[in-house]
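Number of protein chains: 2
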Amino acid sequence: MTLPLAFDILQSGVRLSLICAVIGLGCAFLLIAVILRSSPGNERMRQISGAVQEGAKAYLNRQVMTISVIAVVIFLLLFFFKDHPTAFGFLLGAFCSLAAGYIGMRIAVLANARVTQAATQARTRALRVAFNGGAVTGLLVVGLALLAVGIFYHFARNMVGPDMAVRSLIGLALGASLISVFARLGGGIYTKAADVGADLVGKIEAGLEEDDPRNPATIADNVGDNVGDCAGMAADVFETYAVSLIGTILVGVLTVANAPAAIVYPFVLGGISVLGAICGILFVNFGGGKPASVLMGAVGMSALVSAILFWPATHQLFPNGVEIAGKLRSPTDLYYASLIGLIMTGVVVVITNYYTSMRYRPVQKIARASETGHATNIIAGLAVGQHATALPVGFIGIAILLSYNFAGLYGIAVAVMAMLSMAGIIISLDAFGPITDNAGGIAVMSNLGKEVRAATDELDAVGNTMKAVTKGYAIASAGLAALVLFGSYVEELKAHITSNGQPFNFQFSLTEPKVIIGLFIGGLLPFIFTAFSMDAVGKAAGAVVREVRRQLQAHPGILQGTETPEYGKCVDIVTKAALREMIVPALLPLAFVILVAVIPQLGPVVLGGVLVGTIVTGLFVAIAMTSSGGAWDNAKKFIEEGNYGGKGSPAHAAAVTGDTVGDPYKDTAGPAINPMIKVVNIVAILIIPIFF
Amino acid sequence: MTLPLAFDILQSGVRLSLICAVIGLGCAFLLIAVILRSSPGNERMRQISGAVQEGAKAYLNRQVMTISVIAVVIFLLLFFFKDHPTAFGFLLGAFCSLAAGYIGMRIAVLANARVTQAATQARTRALRVAFNGGAVTGLLVVGLALLAVGIFYHFARNMVGPDMAVRSLIGLALGASLISVFARLGGGIYTKAADVGADLVGKIEAGLEEDDPRNPATIADNVGDNVGDCAGMAADVFETYAVSLIGTILVGVLTVANAPAAIVYPFVLGGISVLGAICGILFVNFGGGKPASVLMGAVGMSALVSAILFWPATHQLFPNGVEIAGKLRSPTDLYYASLIGLIMTGVVVVITNYYTSMRYRPVQKIARASETGHATNIIAGLAVGQHATALPVGFIGIAILLSYNFAGLYGIAVAVMAMLSMAGIIISLDAFGPITDNAGGIAVMSNLGKEVRAATDELDAVGNTMKAVTKGYAIASAGLAALVLFGSYVEELKAHITSNGQPFNFQFSLTEPKVIIGLFIGGLLPFIFTAFSMDAVGKAAGAVVREVRRQLQAHPGILQGTETPEYGKCVDIVTKAALREMIVPALLPLAFVILVAVIPQLGPVVLGGVLVGTIVTGLFVAIAMTSSGGAWDNAKKFIEEGNYGGKGSPAHAAAVTGDTVGDPYKDTAGPAINPMIKVVNIVAILIIPIFF
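Quick mapping for you: the protein sequence lines, in order, are chains A and B.
For what it's worth, the working numbering labels the leading residue of the first sequence as 1, then goes sequentially.
For what it's worth, the working numbering labels the leading residue of the second sequence as 1001, then goes sequentially.
What the hints contain is simulated information worked out from the structure, not anything from laboratory work.
Don't take each hint at face value.
[Unchecked claim] Not the full set, but computed from the structure, chain B residues with beta-carbon under 7 Å of chain A:
(1) Leu1282
(2) Val1305
(3) Ala1307
(4) Pro1319
(5) His1374
(6) Gln1386
(7) Pro1513
(8) Thr1562
All of these numbers come straight from a predicted model, not from anything done at the bench.
Backbone N, C-alpha and C fix where the C-beta goes; we use that ideal spot for every residue, glycine too.
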């Protein structure tokens, strides 16, 4: 790790990838300029967009304050009880995670009215504006993650030496993950409390359409799209990206003989894929075709560019192969491991699309079940979610088996990093969803023409599918990244115990009851974490319902259109409720890990079981929840297209119930599992020297 | 194992426990005589009871035929590819499992009208008739299990020697478990398809009350209570009991130095608890008080008697302690392990009661959430189910830790057997549920007076809670029993590999990717198993809905009360649909295990992971599903008592949706996981010598 020759590779490889990151950031700013050049529409549109922007900013500012308090406490704990580099790493990770969310949201609210305006001219234009809005977030998140990890590592290395520098990266990972749990939960609770609240009173009781300006919660609902789907998702993927990068570095240091190249490799994969993402973005901006196929084409293009460039890069870094866990692996072995990550991205996207798109059987089955009522709609949706776990988990198993065969634990890490390297283009698709959703809202609220609404509706439907699809990606990659972290936990524990001169005789065997108990405790976490999250949405939504009812009763003019509702009141109420309700579930994983570590009858072996248990059930629960949610949503849309009686039919009422149940499933509880399973693993690694 | 002195203990201990079993059977026949002596009510009541009886018999006969075909195929496979004792063991296990279900159902349909009739006289009388009906099943199931395992082991031992005899018990376990999966699924699909079908058209579309004789599906609905809740439950608990007994014997042989006493011990625990159950039954028949407290008192009484008698029995069998896994354990250690099992029974009952009884916060929270509509009712119910997993799993973890500390893997097995030894009294409570449910149905259909209905309604509510509570017990004990089987799998594998002269170097460590992949594959099984089960209910219910609609349209006189519906048609349709739909999910666990064993890249280590993965997620999914279901059911009842608007209010409509979603959750998919996780483990043990 300290060979002078190796040092050169380290320097130049990381430097090149950071240059790619800077290029990515440059493109992001270019795209911002392009977006700003397009017209934000008429007075009314600007007004609505402004209200949404203001609400989102107000929420995020308060969220930042709330989270900052917690972050400072943890920073101080790390600073005094752990070490300074880790503490500063934590601070940086937390800051960047917040920044990623903030930027994602800002861009989205800049883009929304511009998409609506573009839709008045041409659909392709609207598609491009919306996609470019997402692409800014994608490029910024990826660039930020590469730069943060790379530069922090560089400085830490010079100041405290390479070993300590690698260890302190875990602090950065914790900062990113923990903040991301809060962002996901806070944003998720906000968006769904506003959505459910708006729907329950507005749609069901008062019979208003979606986004009707007479609904007092409608601005809050649109704010929610931004703070949940944009800011939450951006923080989440930033975190998974940073954690995968750090996890791969850690596994490289712990298990690969030629550590410097193993450290550089994940940076290089990430850097190359920034170029791939830029190619994908160009493809959308200069290609043509149906929205869904253009977007999927962009993903394919990115993957192709990455797959081609990974080959020479891998051979350059590992010209003579490398010894991993006592066995020599060829550069081709490592290349194959990276390919598995790229292929997994495609596989997960295709599978999630099958289970959540209205063009296939699962969603249509739910739509048909809606004919016999609310209950059968729910049963069908729950069943679809559970069915949807089979293929992704099966492919994850195959990916683990293959990449491990190619290059041991490091091979798995490389596959994960390659999968995550696609985040730039994948976030572009994901952020596309809430932007088009908002654009549609603005079109309705501004009373724009039918053709404009049709255009935004079409984009919104595509956006819905993209949102569902990228959730599958986020979860699968989170599960794999967490597995890499678990591997790091065991290696760290071994290093820690043997560094104290003791023999390492911990057994993580399934025949050891402590491991089984750990699996149970860990397996429990996703179940109660999501239960608390759903409760939180319920409570926050209840507050919205009461406020909307109050306004409609106190001001009958609102429903007649003669009075303007107090949108700000609703925004304010959801903001407070979301921030209050996110605390308990967000601190749950921390509490679990520390308790298991502290109780002497449990200890490091049980904790190992906890980590794996959380990953196993977490993966299933998250996939089931997000798939059910996506499928319910599109089943409703399928009925609204005129099937099974169309809008207003009993089947539609049942489908609305399913959609509402699906809201906290797919946008709060399910996706919040991603950062949660990583927090559990990172905290476990971090506390090894404190408690064991 | 072949010491002559030890042989004596073996003989006399087993003999004594079999005498207890025979005493239990004697009491069961006495109770049948008592039940038969009481009046079956007036003509109309006898008629309805007869129709239910006929439908149930017709279904069970067809189910027996369907399952027999599958059983014969497996018997032949075992006979030709495995060995004869195992094959015959399978046949005996399958036969007894079917018999247990059959008897349970027969007694229940004998008792139902008699409970209604008793309710016209005195509530205490009705309570006793219903409880005695359940007690017959309880005693028969336990006695049958003890006798079947004891006598088969005795004969097999004399014919093929002790080693082979123990191995062939696995065949018996497979027979019991596999048939029980079919019975649980078939019965569960039947009961819920009929229930959901009857409710969807009858209650929601035609506005009929529960059990209204004008609903063509009402007899099918009442038949369902018997074939699902009685026959299915009886087969299920028979299976768990037999498997726990066999698992404890197996672990005793594989890990305990003084094997004969270790083999006798589980029989003795079982035998003693038959006496405990009889004391509990006496308590109900001669004690007084509120229904719920009398029944809970009976459980307490049984546990107390068992706890007292376990002490001398344990010291008698292990006067000088025993060496387990190389460490000497005192008789008191073993006694404590058995106590843990008894305590776990109480703990699980109390916890499940908290989450599913309308007297506590969780159910009331769901009821309150119903006010804001269908969707919030569903979200609240799903969240309650997930919350409900925490405490049982926590206590299971503590029980594993303690009993393992007392006596290694054998200690866990002893705790499980002690827990299962309570099955006699627990089934009495459980079968009480469908009997009172039917009694209420008969009261409504026979137009009996208000006071009678009030009496049967009160018993029905108690029965609902008992049903929910015993489900928690069934699942917790099934999970623990499956863990013992997993321990046996590893020991068997070790014995098999070393007997071939090869070193045993399989690692079941979490650091081994194959184990992780196994955990994923195994973890998947409960998710898709329950998904298929729910689909099956949906399809079968759809058939009922179409038939009920057809009858109501073709014969308008039915709703006016001038025409009698064709009840038999509905019964027939559900019968066929249930038997058709149960096949795929029931064969799923078999297919999983065999595929993993056959694929060379997977093999024994992955299979080990599969076994544990299925147990871990299975436990969570089963507890969540049954708790949600029970809570939804009672939330509806809570509203029907006049809260949140009472019957007919929007909150009630929402609560009915929750109850309907809960039906397949709590009565089909959830409970079918119990035998499923054991089938997986047993098949794995069985195929070791074939594939590895």
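Outcome of the hint check:
1. Leu1282: violated, 38 Å
2. Val1305: Status violated, d = 30 Å.
3. Ala1307: violated, 24 Å
4. Pro1319: For Pro1319 of chain B, the interface hint is violated, since the closest Cβ of chain A sits about 28 Å away, which is over 7 Å.
5. His1374: holds, 4 Å
6. Gln1386: For Gln1386 of chain B, the interface hint holds, since the closest Cβ of chain A sits about 4 Å away, which is under 7 Å.
7. Pro1513: Hint holds; Pro1513 of chain B Cβ to chain A Cβ min 4 Å, cut 7 Å.
8. Thr1562: violated, 28 Å
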